[in-house]
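Model the full assembly from the supplied sequences, consistent with the hints where possible.
2 protein chains.
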Amino acid sequence: MLRDVRDDGTALDVVGIGNALVDVLSHEADDFVATHDLVKGAMTLIEPDRATQLYEAMGPGIEVSGGSAANTIAGVASFGGRAAYLGKVHDDQLGVVFAHDMRANGVVFRSPPATDGPPTGRCLIIVTPDAERTLNTYLGASAYFSPGDVDAELIELSRYTFLEGYLFDRPEAKAAYRTASEIAHGAGRKVALTLSDTFCVERHIDEWRPLVADQVDVLFANDAELRALYGIHLDHAVDRARDEVETTCVTLGPEGSLIVTSEGIVEVPPHPVEVVDTTGAGDLYAAGVLHGMAKGLPLAECGRLGSIAASAVIGHTGARPGQSLAQLA
Amino acid sequence: MLRDVRDDGTALDVVGIGNALVDVLSHEADDFVATHDLVKGAMTLIEPDRATQLYEAMGPGIEVSGGSAANTIAGVASFGGRAAYLGKVHDDQLGVVFAHDMRANGVVFRSPPATDGPPTGRCLIIVTPDAERTLNTYLGASAYFSPGDVDAELIELSRYTFLEGYLFDRPEAKAAYRTASEIAHGAGRKVALTLSDTFCVERHIDEWRPLVADQVDVLFANDAELRALYGIHLDHAVDRARDEVETTCVTLGPEGSLIVTSEGIVEVPPHPVEVVDTTGAGDLYAAGVLHGMAKGLPLAECGRLGSIAASAVIGHTGARPGQSLAQLA
Chain A
358 MLRDVRDDGT ALDVVGIGNA LVDVLSHEAD DFVATHDLVK GAMTLIEPDR
408 ATQLYEAMGP GIEVSGGSAA NTIAGVASFG GRAAYLGKVH DDQLGVVFAH
458 DMRANGVVFR SPPATDGPPT GRCLIIVTPD AERTLNTYLG ASAYFSPGDV
508 DAELIELSRY TFLEGYLFDR PEAKAAYRTA SEIAHGAGRK VALTLSDTFC
558 VERHIDEWRP LVADQVDVLF ANDAELRALY GIHLDHAVDR ARDEVETTCV
608 TLGPEGSLIV TSEGIVEVPP HPVEVVDTTG AGDLYAAGVL HGMAKGLPLA
658 ECGRLGSIAA SAVIGHTGAR PGQSLAQLA
Chain B
358 MLRDVRDDGT ALDVVGIGNA LVDVLSHEAD DFVATHDLVK GAMTLIEPDR
408 ATQLYEAMGP GIEVSGGSAA NTIAGVASFG GRAAYLGKVH DDQLGVVFAH
458 DMRANGVVFR SPPATDGPPT GRCLIIVTPD AERTLNTYLG ASAYFSPGDV
508 DAELIELSRY TFLEGYLFDR PEAKAAYRTA SEIAHGAGRK VALTLSDTFC
558 VERHIDEWRP LVADQVDVLF ANDAELRALY GIHLDHAVDR ARDEVETTCV
608 TLGPEGSLIV TSEGIVEVPP HPVEVVDTTG AGDLYAAGVL HGMAKGLPLA
658 ECGRLGSIAA SAVIGHTGAR PGQSLAQLA
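Residue numbers (the numbering used here), protein chains in the order written: chain A, 358 to 686; chain B, 358 to 686.
Just so you know, these hints were derived from the structure itself, not from any lab. A hint or two may mislead.
Said to hold, decoys possible - Simulated restraints, written as ranges between beta carbons of each label pair:
no., chain 1, residue 1, chain 2, residue 2, range
1, A, Ala-570, B, Thr-401, 55 to 65 Å
2, A, His-393, B, Arg-467, 51 to 61 Å
3, B, Gly-672, A, Ala-657, 27 to 37 Å
4, B, Thr-401, A, Gln-684, 50 to 60 Å
5, B, Asp-387, A, Ala-399, 39 to 49 Å
6, B, Val-362, A, Thr-409, 27 to 37 Å
7, A, Thr-409, B, Gln-684, 23 to 33 Å
Unchecked claim - Partial pick of chain B residues on the chain A-facing surface, computed with a CB cut under 7 Å:
no., residue
8, Gly-366
9, Ile-419
10, Glu-513
11, Ile-622
Just so you know, even glycine gets a beta-carbon here, dropped at the ideal spot from N, CA and C.
Next up, the structure:
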């Protein structure tokens, strides 16, 4: 795939960088969230002891490869896009599962696994009857992704470099983020960012406002995250995003999404689906939009692909599509 | 649970013994089966190299605790029955997943994990568009279950000891089977066996005919397995089972099942469901029937519980129910 270089010097559509995690999902009653002091709907970082304790309390689980940007990249590949991923797993059973699933999706994944340090990271996901997911992440090996792990060749070969906001939760990953962004822009490529999580935005608000304005070409956020970034009503947040970012995609849950540029606002309808588990909905929306943008499609069509991809994971348990997105598109 | 001994001296309804496996499932097109020389619908034992090769060829997977008897036992517990399981995992990440999921189902699982030898076993499951599952099992640590691992206390405390035919594929596990059967009968308990797989029956046909006649009180088989055991038409196989076994449960796929005793034949209708993946259907049918029998319910009611439990796993990917069977019953 990498040798098939196109006229613009790229061989890839999107390369993603993020925390490489395996998801452990269980469906629980509403009171589980309160009993275990979870922050419903959010992503909370947890330490190993807490992870062990919470896992013991969870019901029988299913294990599926996850990680926000990794889900997006798997989605791009499922659409038939050319995609690569950078992230760190350990050389253990869950690391093998993560790497297998990326490559089985057709994703270029050549980050070497760590042979010392903590095990492969995992995200303990509680899905409540309202289909909301509550994320509890033990970063494990993924937290040790550092600037030295940034694969400059893949970034230079990609039309878009896609970064997840969760990277900002660790200094080394944050440094890697900046390195990747500089390489991408230095090669004349675009940088896309997802804000990931409202609390994540609030944890890093002072760094993020200038970073988004200066370094981000395509911004993904849900309405709460965008308001967390700009601290005002959605209308005003959208106006501000339009001033500062080339393209901003705002997801609105069951109401669809908006794609905002200096040209105007494209309203994207949702793709109807019976909601089972919203895990990965935002990740897959980004997959559809980025796949479309990398192909140079009109924004309304990019949004349509985003809605289709999101619906493909909302209808089942887990954050990766169970069928080829290319066939659904 | 074990201290709550009932009038008949039991504290458990069912204890299961089998190969402790984690399933890795992927949906594949029909030609995958031919391309990789798989035996469609059957369980084939594979060595580590073959497992690695096949896994590399498989698409993105989901990992869920499996193992035939383990699925049955998880089902009994999901009905609210008192259940225990004996089987061997390694002290590794997949072993932790298996043990967690058993205990999270409310199953007594106290078999210590192996700290040397091969890793936790896994079953690579290919689900084709017709919802048929093709099993490729790398036994790993599970193959080292031996007579010394038979927990006599749990067997003596259980109304039923449930054994999977797959145990016969390894000499040590076969010896453990005989030990468990003797302990159960010595304590005045019943022994149940599932024939597991047509090829498995054929591999051990000479040992199985006398063993079923002498040591099995409740036999589970699908129609092909029962015919493999008795080598004749289904009607004749049923007659012969009736002569040799106290209770024989014959599953007939979408046509439901038969429960055969010297008193007659109970015809059990299937529970309607949209078929997604038949993995675990037979295992869960056995769960419902055994749960009912341990409660002393009429055979027609036992069969109804079997049909409900089977339908609960046929409708999704994976062999364990996603919701409480007690609520469906």
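Hint check results:
1. A:Ala-570 x B:Thr-401: 55 to 65 Å: 58 Å, holds
2. A:His-393 x B:Arg-467: 51 to 61 Å: Violated, at about 25 Å.
3. B:Gly-672 x A:Ala-657: 27 to 37 Å: The hint (27 to 37 Å, Cβ to Cβ) holds, given that Gly-672 of chain B and Ala-657 of chain A are roughly 36 Å apart.
4. B:Thr-401 x A:Gln-684: 50 to 60 Å: 30 Å, violated
5. B:Asp-387 x A:Ala-399: 39 to 49 Å: Since the Cβ atoms of Asp-387 of chain B and Ala-399 of chain A sit about 43 Å apart, the hinted range of 39 to 49 Å holds.
6. B:Val-362 x A:Thr-409: 27 to 37 Å: 32 Å, holds
7. A:Thr-409 x B:Gln-684: 23 to 33 Å: Holds, since Thr-409 of chain A and Gln-684 of chain B (Cβ atoms, about 29 Å apart) stay within the stated range.
8. Gly-366: 30 Å, violated
9. Ile-419: 5 Å, holds
10. Glu-513: With a closest approach of 27 Å, the Glu-513 of chain B hint is violated.
11. Ile-622: Hint violated; Ile-622 of chain B Cβ to chain A Cβ min 35 Å, cut 7 Å.
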